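Student: Sequence lines, in order, name chains A and B.
Using this note's numbering, read the first sequence as starting at 52 and increasing by one per residue.
Using this note's numbering, read the second sequence as starting at 200 and increasing by one per residue.
Quick caveat, the hints were computed from the structure, so don't treat them as lab data.
Keeping only pairs whose Cα atoms sit at most 25 Å apart, straight-line, the calculated DSS-like set for lysine-lysine is:
1) B:K228 with B:K267
2) A:K128 with B:K228
3) A:K135 with B:K242
Small disclaimer: the values here were computed from a predicted structure and weren't measured.
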Amino acid sequence: MQILVRFHVILFCALFITGCGTLYMNAAPDSDVKLLSRNAPAAVKVEKHIWFKWWGGQPLHPEEVHAATIIKETGLKEARITMKNTFVDGLYSIIPGIFGFPRRTLIVEGNREVAPAAQVRQKP
Amino acid sequence: MRIFLLILHCLLLAGCFTTRLEAPQGNNKVRIMAENERATFHKEYKDWYLLSGLLPIWRTDIAELITKERLTEVRVQTEDRVSDGVITLLTEELLLGLYPQSIVIEGNTVSPGSIIIEDTTKQLSQPQHRRPVNQQHTTASAMTGSPSAGIPIAAPLP
Chain A
52 MQILVRFHVI LFCALFITGC GTLYMNAAPD SDVKLLSRNA PAAVKVEKHI WFKWWGGQPL
112 HPEEVHAATI IKETGLKEAR ITMKNTFVDG LYSIIPGIFG FPRRTLIVEG NREVAPAAQV
172 RQKP
Chain B
200 MRIFLLILHC LLLAGCFTTR LEAPQGNNKV RIMAENERAT FHKEYKDWYL LSGLLPIWRT
260 DIAELITKER LTEVRVQTED RVSDGVITLL TEELLLGLYP QSIVIEGNTV SPGSIIIEDT
320 TKQLSQPQHR RPVNQQHTTA SAMTGSPSAG IPIAAPLP
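All chains should be modelled from the sequences, with the hints used to inform the complete structure.
Tutor: Set out below in structure tokens:
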């Protein structure tokens with residue numbers, strides 16, 4: 052019986068650790084950012100860890116949940132975006148997660164200029 | 200020892216998962232949309248993982264979806280909802296560790312006119328209502344959200 056209670060306590064904790072949270076893979080307003088394919092070379096790579104509060108209900112820094120912020124900061128003209136919940140995020144989330152601070156990772160890769168090959172293809 | 204096991208267990212329960220927004224191979228024309236832009240295409244998907252994210256059983260291939268739906272503009276939202284957490288909690292009891300993740304894909308599709316622009320050899324064989332239109336019409340169609348708005352009433356022949 053005691054084991055069952057402990058098991059349920061752990062599961063309940065897990066629900067908090069898993070947390071919620073929304074990430075936006077978008078670009079800045081009035082920008083023309085092209086989407087890169089998986090194998091396309093990318094000169095810039097930015098990896099950002101996003102922290103949430105209230106078990107993912109709100110981000111600690113609202114602008115950080117938008118990939119647009121990174122794209123604008125780095126001046127990318129083409130990009131691909133990845134959202135990850137990594138092993139390290141899980142590790143970091145163990146203690147803060149219980150208190151409502153889960154973590155996610157946002158990765159933006161891209162180029163500040165459109166690749167020459169891509170420019171040629173765009174011509175009619 | 201107990202604390203170590205508890206931490207290890209919690210770590211496994213936290214799970215791992217990945218969502219990628221990338222273009223299909225050979226297609227470099229897809230544009231990433233801003234948050235405030237209007238999207239005519241809106242669909243929600245769920246990715247499913249087993250064993251703390253080690254085993255993806257269903258993952259949405261966004262690049263494939265872009266091709267399938269002929270999206271020219273796209274933006275994606277990844278959401279970890281309370282309902283996803285509840286599913287995880289319930290399946291952990293069965294030692295499955297089922298991890299769902301919600302993905303919202305929004306975008307704008309290609310209007311019929313702009314498809315013809317890409318292949319000029321097919322233009323002459325197309326019926327009259329699918330004559331080529333310029334890019335401005337295509338954009339206007341996407342912005343207004345009306346599928347017919349991009350087709351001009353009397354487009355000039357090439």
